[in-house]
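Q: So the protein sequences, as listed, match chains X and S. For the record, in the first sequence the residue sitting at position 83 is 1573 according to this note's numbering, with numbers rising by one throughout. For the record, in the second sequence the residue sitting at position 243 is 1501 according to this note's numbering, with numbers rising by one throughout.
Source of the hints: derived by calculation from the structure; they are not laboratory data. All C-beta atoms, glycine included, are put in the ideal place defined by N, C-alpha and C. Warning: the hint list may mix true and false statements.
The calculated label-pair distances, taken between Cβ atoms and stated as ranges, are [to be verified]:
#, chain 1, residue 1, chain 2, residue 2, range
1, X, Arg1839, S, Arg1467, 37 to 45 Å
2, S, Val1424, X, Asn1508, 33 to 41 Å
3, X, Lys1805, S, Arg1461, 44 to 52 Å
4, S, Val1424, X, Gly1579, 29 to 37 Å
Okay, derived cross-link-like pairs now, BS3-like style, lysine-lysine, Cα gap no bigger than 25 Å in a straight line [to be verified]:
#, chain 1, residue 1, chain 2, residue 2
5, X, Lys1727, S, Lys1517
6, X, Lys1676, X, Lys1517
7, S, Lys1382, X, Lys1821
8, X, Lys1506, X, Lys1580
9, X, Lys1676, X, Lys1781
10, X, Lys1834, X, Lys1792
11, X, Lys1519, X, Lys1506
12, X, Lys1834, S, Lys1517
13, X, Lys1805, X, Lys1834
To give a feel for the contact side, a few chain X residues facing chain S, derived at Cβ under 10 Å [to be verified]:
#, residue
14, Phe1645
15, Gly1646
16, Thr1648
17, Ile1700
18, Leu1846
19, Glu1857
20, Glu1864
21, Ala1865
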Amino acid sequence: MGIDSMEIDSMIENIKYNPYSWARSWKQKKGKGVIGYFCSYVPEEIIHACDLLPVRIVGRNAVATLSGAHLQNYCCSLARTSLDMALEGKFDFLDGTVFVHTCDTMQRLSDIWRLNAGSEEHFDIVLPARLDGENAFDYLREELSSFRASIERSFGKTTDEDLRRSIDIYNRNRELLAELYDMRIKRPELLSSEKLYLIVTMSSLVEKSIHNSLLETQISDMKRSASPVGLNTVDEKVRIFGIGSLMEEWGFLQMLEEAGATFVDDDFCNGRRYFEQGITEGDDPIMAIAKRIFERPICPCKYKVSRSRVQEIMKRVQDAGAQGVIFFQFKFCDPHAFDYVPLKEALERASIPSILIEIEQGSVSLEQLRTRIEAFIETIRG
Amino acid sequence: MRVAGVDIGSLTTKAIILEDGEIVGKSLVMTGHNSRLAGRRALDLALKDAGIGENTLDNIVATGYGRLSIDFFAEQVTEITCHARGAHSILRDARTVIDLGGQDSKAIALDENGRVLDFVMNDKCAAGTGRFLEVMAQALEIGLENLGEVSLQSVDPAPISSVCTVFAESEVISRIAEGVDKVDIAAGIHQAIASRIYAMASRISLRERFVMTGGVAKNIGVVKALEKRFRTSFFIPDEPQLVGALGAAMIAAERASVKN
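Here chain X stands alone, though its shape is the one from the complex:
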């Protein structure tokens, strides 16, 4: 089943303004269940194998109101605007919600959600805080098995074969996204930053196999339009590496490109952290999923003795040929704020300029940001 370029554009447009409308109408058409989740550590394959659609909850671009009765103002706007939507009944199409214990806010949000806004089924996955060591691995495998057992209790049994099929579809998606990123690192002018993050975000909002065919079309379109290097004189944009959780400020991305810069690679939750590292299949699919969680780029909520997030990111910044780094964080996001300090120091040692942008969904003053971004780019250009 192919998807043509025009369809891609209309899907992108739709996701930009109504992130959840695709899932809602899919449910109506197919009569299948939809499961909401927040975190990229959620084993989507287990949900998918139950013939359910996993859909990422990404908040919305509006000032939080109703959630004020349950969450303090110093919780991130992702938690607050999402809870607002749940309290307004905007997630009534969800048959269940999965929470992963990452940061404190998410852990608290899980209980608040279950008691006040919950969908029919509610699942918690308590990941170990440290993602290394034998005990943590055994625990993680157990936790994933018990998540599988509880979701099957609600939505029906699956076989290991079902799970392997889902893993294949998800692995294919990861391969394609990695290919898209590789092309963009070499030729960023082939795809705008805004479209890039809309495409990656869409991956977590629509059925994976459909997204796979969308990516196949997108990649072959880009290959076709890519004239050999040197033939076209393109205005070289300043190459930026992005660090943060969700990148879904579309206006900011447009403004960044207008200011003469583009993201060439990232450590965003709806960027490379979402798809990097496929699942290596073995006999036990749960074991295979657990291995990926252990080996993929680490999120600032998690910890590893054996691997330094700072070193890994510094290497990727250099590999991508980035001239500067933009930290794009939600206000009050503690895990990212903690990691900012050593990352910024490492960048300073390597003489790579960086800037910290903190935002809250629904109250971004773009023109004020424009001055900071333009000044940052002027600093890089010298």
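Given the structure of chain X, go ahead and fit chain S onto it with the hints provided.
A: The following block gives chain S in isolation, referenced to the frame of chain X:
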């Protein structure tokens, strides 16, 4: 070579005309609601001051938050880069610029050539800006231009805990109700601003010497409070409000000479 720099700020708009590096014309007008008109007016006045016509200019650089809304042909450069360049031209040893304007506060680290190394800027908060001082002066019924002088008479500054313009105003009003001397409240306000700016500026590496730019630099109370908080002396240019426009004009000259 003749060039112009126009700095369209939130409160005032400034223009500088340079002829072979010398200031030959300058102007300062209120921005008002129409930044396009303000830019035009400031440029025209500065040209008049210099006694030259616009068509004799080799280049113009516009800066400030209204830089994109001008009706004359000019390159746009952010006020962060312009303030750094302007401050460097006034004081070669400048390595840190504290710019407090009508609605923005910034701290800029620069190198020996006046290039920006790093900077921080306030987000949405107006604390420490000209607007904040206007509100406070009004609450205390002291003229804005006297607020700084008055505060220096205090021997016992009243602590003001909040620097949010809205909360600080009600705090000031309750201090007045408690019968605290205006002089002490004014001093407390300036201390609160200094703490706030120091906290923001500490995000970048602060190096000697410090230059203060922007309209707030004309308030001696803020300058003294900042110097105490930063434990150093600040260099205050004769016309701190014009530093951004000066930097813009210098960049205009550099770019024009590259082109020729």
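Q: It remains to establish, for every hint, whether it holds in the given structure.
A: Tested hints:
1. X/Arg1839 with S/Arg1467: 37 to 45 Å: 25 Å, violated
2. S/Val1424 with X/Asn1508: 33 to 41 Å: 35 Å, holds
3. X/Lys1805 with S/Arg1461: 44 to 52 Å: 26 Å, violated
4. S/Val1424 with X/Gly1579: 29 to 37 Å: 34 Å, holds
5. X/Lys1727 with S/Lys1517: Roughly 21 Å separates the two Cα atoms, so the pair holds.
6. X/Lys1676 with X/Lys1517: Roughly 39 Å separates the two Cα atoms, so the pair is violated.
7. S/Lys1382 with X/Lys1821: 13 Å, holds
8. X/Lys1506 with X/Lys1580: Holds, at about 17 Å.
9. X/Lys1676 with X/Lys1781: 30 Å, violated
10. X/Lys1834 with X/Lys1792: This hinted pair holds, its Cα atoms lying about 19 Å apart.
11. X/Lys1519 with X/Lys1506: Since the Cα atoms of X/Lys1519 and X/Lys1506 sit roughly 22 Å apart, the hinted pair holds (cutoff 25 Å).
12. X/Lys1834 with S/Lys1517: Violated, because 36 Å separates the two Cα atoms, which is more than 25 Å.
13. X/Lys1805 with X/Lys1834: Between X/Lys1805 and X/Lys1834 the Cα gap is close to 14 Å, so the pair holds against 25 Å.
14. Phe1645: 45 Å, violated
15. Gly1646: 49 Å, violated
16. Thr1648: This interface hint is violated because 48 Å lies over the 10 Å limit.
17. Ile1700: 39 Å, violated
18. Leu1846: 8 Å, holds
19. Glu1857: Cβ of X/Glu1857 sits 7 Å from chain S, so the hint holds.
20. Glu1864: Result: holds, 5 Å to nearest chain S Cβ.
21. Ala1865: 4 Å, holds
Checked against the numbered hints above, the structure breaks hints 1, 3, 6, 9, 12, 14, 15, 16, 17 and satisfies the rest.
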